[in-house]
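Residue numbers for the sequence shown follow the UniProt record's numbering, beginning at 1 and rising by one.
Think of the hints as simulated: they come from the structure by calculation, not from any bench. Just so we're clear, the structure is a prediction, and the values are computed from it rather than from any experiment. Each hint should be verified, as a subset may be incorrect.
To be verified - Mimicking SDA-like on lysine to any residue, the simulated pairs with C-alpha atoms at most 25 Å apart in a straight line are:
| id | residue 1 | residue 2 |
| --- | --- | --- |
| 1 | K644 | F244 |
| 2 | K604 | K684 |
| 3 | K644 | T326 |
| 4 | K346 | R286 |
| 5 | K684 | G615 |
| 6 | K684 | G649 |
| 7 | K65 | W87 |
| 8 | K73 | S174 |
| 9 | K45 | K644 |
| 10 | K594 | V659 |
| 11 | K249 | F239 |
| 12 | K105 | T86 |
| 13 | K105 | S83 |
| 14 | K261 | V295 |
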Amino acid sequence: MNQAGGDDISSVGYETVGLSTRAGFDESAHIDPFNTRKGGNTILKQRVSDARTSGRLNIAALGLKEIPAEVMKMYDFESIQESGGTWSDSVDLKRFIAPDNELEKLDDVMFPDHDPAAVDENADSQNSASIFGGVEAVDLHGNKIVSVPVGLRRLAHLTSLNLSSNRLNNDCLSVIAQISSLRDLKLAKNCLAGPLDVSLADLTLLETLDIHGNHVSALPSEFENLKQLRILSLSDNNFESIAFSSLAKLPLTELDLKRNKLSGTLIEEPIDSLPHLQTFDVSSNRLTRLVPEGVSLDLPVLHTLSVSMNRLQELPDMSSWTNLLTLTADTNNISVIPESFARLLKLRQADFSGNDLKVVPPEVARMEDLTMLRLSGNPLRERKFAAASADAIKAILAGRLEPLRENTAVEASPKSNDDQQHAAECEKQDEGDTSDEDEHFSTPPTSALPSPSEPKDFSSLAPTLQVRSSGLLDNSRTDSATLDAELCARFAAQHKVYHAQLHHNLYVCIPGALSIFAETLTSLALGHNQMVGETYLVEELKLPSLSELNLTSNHITSLGPLTKFLRAPSLEKIDISMNRLSALPPDLKQNFPKMIVLLASNNKLVELDPASIRGLQVVDVSSNDIGHLDPRIGLLGGHSGLQKLEVMGNRFRVPRWNVLERGTEATMRWLRGRVPAADVAAWKAEHGDDGVEDDDELD
1 MNQAGGDDIS SVGYETVGLS TRAGFDESAH IDPFNTRKGG NTILKQRVSD ARTSGRLNIA
61 ALGLKEIPAE VMKMYDFESI QESGGTWSDS VDLKRFIAPD NELEKLDDVM FPDHDPAAVD
121 ENADSQNSAS IFGGVEAVDL HGNKIVSVPV GLRRLAHLTS LNLSSNRLNN DCLSVIAQIS
181 SLRDLKLAKN CLAGPLDVSL ADLTLLETLD IHGNHVSALP SEFENLKQLR ILSLSDNNFE
241 SIAFSSLAKL PLTELDLKRN KLSGTLIEEP IDSLPHLQTF DVSSNRLTRL VPEGVSLDLP
301 VLHTLSVSMN RLQELPDMSS WTNLLTLTAD TNNISVIPES FARLLKLRQA DFSGNDLKVV
361 PPEVARMEDL TMLRLSGNPL RERKFAAASA DAIKAILAGR LEPLRENTAV EASPKSNDDQ
421 QHAAECEKQD EGDTSDEDEH FSTPPTSALP SPSEPKDFSS LAPTLQVRSS GLLDNSRTDS
481 ATLDAELCAR FAAQHKVYHA QLHHNLYVCI PGALSIFAET LTSLALGHNQ MVGETYLVEE
541 LKLPSLSELN LTSNHITSLG PLTKFLRAPS LEKIDISMNR LSALPPDLKQ NFPKMIVLLA
601 SNNKLVELDP ASIRGLQVVD VSSNDIGHLD PRIGLLGGHS GLQKLEVMGN RFRVPRWNVL
661 ERGTEATMRW LRGRVPAADV AAWKAEHGDD GVEDDDELD
């Protein structure tokens with residue numbers, strides 16, 4: 001529904017509904033059928049009144065084509081008196097927030113090109129000083145602005161300027177470059193093209209520069225003058241090369257170069273170190289090497305590196321990358337995993353899928369923190385590695401390690417008994433493996449070995465099933481592709497199954513035979529199978545007692561089949577991590593009313609709609625592709641609302657790392673600080689004031 005004073009809802013296209021415009025039909029009602037505009041001016045006046053005492057004016061998403069007169073006269077005596085305020089309660093405007101409107105230009109009246117120090121105090125207030133003279137942050141993204149007024153350069157206190165998603169060309173830089181106080185500048189998704197003007201290098205206090213989504217081809221020659229620059233986003237431009245001779249002199253912690261036209265070798269000699277870089281993304285280019293052959297690159301504090309979708313033939317020596325946590329190198333031409341890779345003892349996730357690897361170094365077994373290793377799409381000599389978990393791979397490789405020299409103690413990562421058992425089975429298969437590729441889809445073995453971690457006093461139902469006295473049905477790691485309904489029916493008559501372990505198999509869909517255990521089954525594990533797209537559930541499945549569902553490490557692209565076909569009113573937790581989800585369904589909570597936990601890390605989510613997680617208490621969407629964090633998510637908190645939110649490792653730049661690392665409560669407070677005051681007031685009335693004060697302290 002359109003917000004008060006929002007965009008003209010007639011533009012949505014109500015004419016297609018087929019409403020008649022003949023005589024007798026009230027066409028004005030058609031334009032605004034819900035009376036959304038009736039209180040538009042009231043809402044604007046309320047926001048102006050709040051801004052007068054808080055110093056923060058938020059007129060976002062009101063469909064404004066120009067700055068209203070109420071704003072320009074907000075400090076007039078008549079305006080103050082009309083709102084019931086007093087002059088003594090008024091404070092200077094510090095933040096001006098007006099994104100997602102339809103503004104095409106900013107009048108010179110708003111930002112007069114006058115020196116504030118020379119303003120005559122006795123002059124007419126209309127022509128003397130601007131109400132924006134002391135503003136520190138301006139956010140005008142998502143408008144239609146084609147130029148900036150010259151007077152913008154007079155904002156001596158301005159530190160943050162967001163003009164992304166407008167229609168600005170290179171001419172705007174000559175004005176913006178004169179705002180010497182700027183620390184944060186965002187010009188993404190505009191019409192900037194070619195080399196950037198050298199004047200940009202005059203912003204010597206700049207800490208963040210975001211110009212992604214333009215047509216820029218080169219940085220100014222004196223770019224190294226930006227001695228304070230820490231975050232630089234140049235993605236989705238036309239760069240064919242980058243002058244790292246300048247970038248290496250800056251204290252950059254984040255550098256984003258994805259989706260450009262970079263080719264050949266990225267960093268040429270003599271550059272051999274980027275000592276401050278923590279996040280580095282050069283994915284979706286045409287690079288063949290990061291550095292020249294035989295040259296190393298020192299990255300001592302790097303924790304995230306993405307080189308996906310290039311033409312890399314090899315990776316350089318990684319010995320100095322001691323703090324690396326995530327390495328994404330899929331879809332390249334890498335033929336060998338470097339020896340130094342095994343020295344990355346803090347590495348948690350590595351993706352080498354879609355390369356030309358044939359072997360995995362045994363030393364990988366010593367990487368204790370490595371929990372995800374993707375090797376699918378490689379011509380591996382040991383094909384089982386393509387679908388095996390990191391722990392299973394390490395368990396197999398551990399048996400091939402040469403004994404360490406005396407007085408050298410390096411412990412292999414602890415393996416679960418299940419992983420050791422699986423590793424042993426895989427090794428046995430290797431010893432006599434002369435089968436062709438079709439045998440990977442042969443019928444399951446005639447018996448399944450018991451897991452050493454559980455008591456062995458189980459009764460065998462059938463050659464492919466085993467159950468323990470605890471009510472655990474264990475059919476994992478058996479290369480099973482089907483679950484026999486007849487066998488399940490015979491077993492259900494004698495035993496109760498509360499937990500089903502079907503992970504690490506060849507299932508392409510959720511077995512319908514599970515409905516036989518519907519009355520008792522509470523948890524179901526189907527991770528590491530062959531479920532693809534939206535075909536993993538195509539008919540109704542009733543599991544009324546199911547409370548936990550695990551579908552990790554498949555190739556699932558949507559949760560739609562679950563909301564459409566799964567009837568699980570008791571479901572509380574879904575783990576869909578390491579799949580290919582691009583969006584979350586808005587009706588998740590409606591279909592599973594008791595659901596409180598959603599784990600969806602390492603997918604391809606591009607947005608996080610508050611409606612899709614409303615009512616949940618724990619949400620993990622870390623390591624996705626989310627480009628913007630909706631401030632309304634902050635309103636999902638409260639005593640019975642969202643308690644834990646994990647969003648690290650996504651594309652968005654705000655809130656920054658220093659906010660996220662303080663935890664969920666700090667992140668939620670930051671988000672609420674970007675929500676209209678009226679909405680926050682309603683939220684406070686419902687949930688109380690606990691935890692919502694000082695929302696602006698995290699800016």
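Against the structure, the hints come out as follows:
no.: 1; hint: K644 <-> F244; verdict: violated, 39 Å
no.: 2; hint: K604 <-> K684; verdict: violated, 34 Å
no.: 3; hint: K644 <-> T326; verdict: holds, 22 Å
no.: 4; hint: K346 <-> R286; verdict: violated, 29 Å
no.: 5; hint: K684 <-> G615; verdict: holds, 17 Å
no.: 6; hint: K684 <-> G649; verdict: violated, 30 Å
no.: 7; hint: K65 <-> W87; verdict: violated, 29 Å
no.: 8; hint: K73 <-> S174; verdict: violated, 30 Å
no.: 9; hint: K45 <-> K644; verdict: violated, 36 Å
no.: 10; hint: K594 <-> V659; verdict: violated, 30 Å
no.: 11; hint: K249 <-> F239; verdict: holds, 20 Å
no.: 12; hint: K105 <-> T86; verdict: violated, 32 Å
no.: 13; hint: K105 <-> S83; verdict: violated, 28 Å
no.: 14; hint: K261 <-> V295; verdict: holds, 23 Å
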